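Chemist: Can you build the whole structure from these sequences, using the hints too?
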Amino acid sequence: EPEVTQTPSHQVTQMGQEVILRCVPISNHLYFYWYRQILGQKVEFLVSFYNNEISEKSEIFDDQFSVERPDGSNFTLKIRSTKLEDSAMYFCASSERTANSPLHFGNGTRLTVT
Amino acid sequence: DQQVKQNSPSLSVQEGRISILNCDYTNSMFDYFLWYKKYPAEGPTFLISISSIKDKNEDGRFTVFLNKSAKHLSLHIVPSQPGDSAVYFCAASAEPGGNKLVFGAGTILRVKS
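Protein chains in written order, with our numbering: chain A, 1 to 114; chain B, 1 to 113.
Treat the hints as calculated values from the structure; they're not laboratory data. Hints should not be assumed to be uniformly reliable.
BS3-like mimics (lysine-lysine), calculated; alpha carbons at most 25 Å apart, straight line [claimed, not checked]:
hint, chain 1, residue 1, chain 2, residue 2
1, A, Lys-57, A, Lys-78
2, B, Lys-5, A, Lys-57
3, B, Lys-5, A, Lys-42
4, B, Lys-68, A, Lys-42
5, A, Lys-42, B, Lys-71
Derived coverage of chain A by chain B (criterion: at least 3 residues anywhere in the stretch with Cβ under 8 Å from a Cβ of chain B; other residues may be distant) [said to hold, decoys possible]:
hint, region
6, 42-56
7, 100-106
Just so we're clear, the structure is a prediction, and the values are computed from it rather than from any experiment. Beta carbons: idealized from backbone N, C-alpha and C, even for Gly.
Modeler: Pasting the structure below:
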C-alpha cells in the first residue's frame, strides 16, 4: 500500500539553527500538509499546500516556517531559526482531494531543539 | 482549543468484546469526521470516516456513528483484538477549509487477551 515517508526520523538541533524536514507524499495525491504534536498535546494543523502554493496556514505557521515542493516528489518544511518550543513530532500528510478525503500521515520526524 | 473532545483518556476491553470510543464536538460547521489509530513511534493511520450527510458508516470490524443533533460520534470495534491496542484519535473538518483537521486528545485502547 502506498505510504507517506518522512526523513529524518529524529533531528536534534541547537536553538537558532535552521532545519529542513523532508517528506515524500503518496504519488497520486495532490494536497499536502504538515501537522505537529508537542509532547502531551493534541495533533495540530500547521499548513496545507496545493498547486505549489499554501492553501491555508495556522497561527503557529509564522514567518519562521516555510514549505516547498522542490521537485515532483518531495515536500519540505523549513524552520529558519528554531526555538525550544519548536520541539515536537512533525507529521507530513497527503490526500487525493481537498474535501471529504482522508489524510494519510507519515511516521513523523521528532525534532528536538536544545 | 476544545472543539473536539475525547473525554475518556483510556479504555480497557476484553478480546472478542465490543470497544466503543466516543467523541464530542462543539463546532456545528464540522461536516467530515475521521478516526485514526496511532501506535507508538508511528504516524496516525486512517481507519474510517463519515460525512455529515450520513449517520453510520461501516468498514469490516469498524463502524462509526454520527449523531449531529448531539454533536457526538462514536467508533465501534467488533470484535476487539489485541492488535487493536493503540491510541485512537477523533478528527473533524469543516468546509471551507478542506482538510484542516481538528483533532481530539486521543483515547488509549487496551484489548486484553
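Chemist: Any hints from earlier that this structure breaks? Give me their numbers in increasing order, please.
Modeler: As far as the earlier hints go, not one is violated by this structure.
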